[in-house]
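Fit chain B to the known structure of chain A by using the hints.
Number of protein chains: 2
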Amino acid sequence: MFKEFKPELPETYRQTDFVLLANIEPSLQAHVLEQMKRPRFVVADTMDLWIETARSDLDELLRRVDLLILNDSEAREMTKETSLIKAGRRIQKMGPAHVAIKKGEHGALLFGEGDHFFSCGAYPLEDIHDPTGAGDTFAGGMAGYLAGTVKTVHFNDLRKAMIYGSVLASFCVEAFSLERLRSLSIEEIAKRYEMFKLMSQFEAPPE
Amino acid sequence: MFKEFKPELPETYRQTDFVLLANIEPSLQAHVLEQMKRPRFVVADTMDLWIETARSDLDELLRRVDLLILNDSEAREMTKETSLIKAGRRIQKMGPAHVAIKKGEHGALLFGEGDHFFSCGAYPLEDIHDPTGAGDTFAGGMAGYLAGTVKTVHFNDLRKAMIYGSVLASFCVEAFSLERLRSLSIEEIAKRYEMFKLMSQFEAPPE
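Note that the protein sequences, when read in sequence, are chains A and B.
Residues 4 to 210 (the working numbering) make up the first sequence, in order.
Residues 4 to 210 (the working numbering) make up the second sequence, in order.
Errors might be hidden in some of the hints.
Treat identical chains as interchangeable: a pair holds within one or across any two.
As the list claims (entries may be wrong) - 27 Å max Cα-Cα, derived DSS-like pairs, lysine-lysine:
(1) K106 with K83
(2) K154 with K40
(3) K106 with K200
(4) K89 with K194
(5) K200 with K96
Hints in this document: simulated from the structure, not taken from any laboratory.
Same shape as in the complex, but just chain A (with noise of 0.2 Å):
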């Protein structure tokens, strides 16, 4: 089906400072950041497929990425590492300045320079009805964000583009497809961004 697909970017397209390669073949995410004229911020996202087919083209893709998405079983496979800490940390090491490894119903870890990182819970639901698509939000609501707000990346961005993308991944899953974010307003977002920063905080005011 992908076999003779080779997207060419529109000239528009290719000014744009913010790049999200979603995670098709690496080979394919490479050509694709080829023809950006000069792209502020990368971001990709992979899958277990290209860490076992494609190892070499994944490896030289992550040399020119900011920032790699991928989950909490891929990072182990990818590193061979059991401790998603030491599997983070490894990943940096191959090029990408940030790794954002995802736990499903656990949250998502991220990993800045130096000693920076964020631990992430995931917005608590009662129902999941439809897990379909939300790895892609979750990528998509952090990018997103970033390519609305951010000139310069620091790693506070990417700690509320991270906040964002699981808010939006948290819509996702409570109805089928994406129907729940066809209707989704962004009043909805910011106020359940609210609701998850009062569960996830050590210090409360007070009761």
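Coordinates of chain B only, in the frame set by chain A:
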């Protein structure tokens, strides 16, 4: 081994305000509790064995407990719920106003009255040398924090107690048996608490 064990508390112990019933058989936990004069806050730990073999004793005990601590698989087993959010809320209906569900390397969840909820990550460790005792240390840390600093227990106190429980458990697993705890200082605990807070907060001070 525990067949003849029937703990009798010395008179001075019976006056204690905060009680932690470690995870012995529920009928023995009840026997200890009955000896207490007027406990202000009762914490109980439990385990899969009692959920499977002493359920009615456990159910009876739950009605007299303020905070139940158990791990994720035990919470699921006890409630037949896959969602930990549903499981926590369901256990509250069985008696305890507060429930703490431990998720090992993924942290812990705290359920309180109304919609009070706290999601706590785990302090990130590259190596786990010996997980033995982590659960007991977590429970002891929670109860110890409450007993040492709190008069009337509010949700924010439990939140902080859970963080201290997590911090102590993170020290516990760093070395064999209780070795690390033996040499642990208050300053080390306070320092790790601050690091942990920095790694978990949504909005950090500017870099």
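Tested hints:
1. K106 with K83: both (17 Å within a copy, 23 Å between copies)
2. K154 with K40: within (17 Å within a copy, 63 Å between copies)
3. K106 with K200: Classified as both: same-chain Cα gap 18 Å, cross-chain 20 Å, threshold 27 Å.
4. K89 with K194: Classified as between: cross-chain Cα gap 22 Å, same-chain 34 Å, threshold 27 Å.
5. K200 with K96: Answer is between; shortest inter-copy Cα gap is 26 Å, intra-copy 31 Å.
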